[in-house]
Amino acid sequence: MNNPLVKTLLHSRGGMAALVLRVPVGLILATHGAQKLFGWFGGYGLEGTAQWLASIGLAPGTLMALLAGGAEFFGGLALVLGLLTRPAALVSAFTMLVAIFAVHIGNGLFMANNGYEYALTLFAATTALAIQGGGRLALDNMLLNSLENARDGQSSVSGQ
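Position in the sequence shown (from 1) plus 983 gives the number in the working numbering.
Be a bit skeptical, because a hint or two may be false.
Unchecked claim - The list that follows gives simulated cross-link-like pairs (lysine to any residue, SDA-like), each with its CA atoms no further than 20 Å apart:
no., residue 1, residue 2
1, Lys990, Val1081
2, Lys990, Leu1064
3, Lys990, Leu1127
Keep in mind that the hints were calculated from the coordinates and are not lab data.
Work the whole structure out from these sequences, hints included.
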């Protein structure tokens, strides 16, 4: 692969630990996003989430609900699959930082008081995935191999 950015985004030396981290974190994020976007799993859906976000000063509420819900839902699904793991993890980590500072920081650390410990845990996990990538069992590897094989096929055809 001649494009260093693509290789940096997709390549991972992570092993099985990345899979063990990716799947549960991705599922948790995806279900939280589904609560925000679709009202699944006891959530309030897009309209309810938008109203709540606007009420705490994150306006426009609908846009913020779409951004937060989309980052969690689609980012979570991408993490489960190991597809574009680094960008998905980075967007998810940023979303957790917003949650920490916009919603939870004033309540202290502990979840029992609606504190930031859970969002901080998800931030740490997604930051680790952004650094190490999806690991051995990620679709990123298949995508990178496909791109490298396509490039190799083109260079062998042009070299004839």
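(request) Decide if the proposed pair is consistent with the structure: lysine 990 and leucine 1064, CA atoms, cutoff 20 Å inclusive. (result) holds, 18 Å
(message) Checking one constraint from the list: CA of lysine 990 to CA of leucine 1127, max 20 Å. Satisfied?
(response) holds, 7 Å
(message) Would the hint linking lysine 990 and valine 1081 be met if the CA-CA limit is 20 Å?
(response) Violated, at roughly 29 Å.
When each numbered hint is compared with the structure, a violation occurs for hint 1 only.
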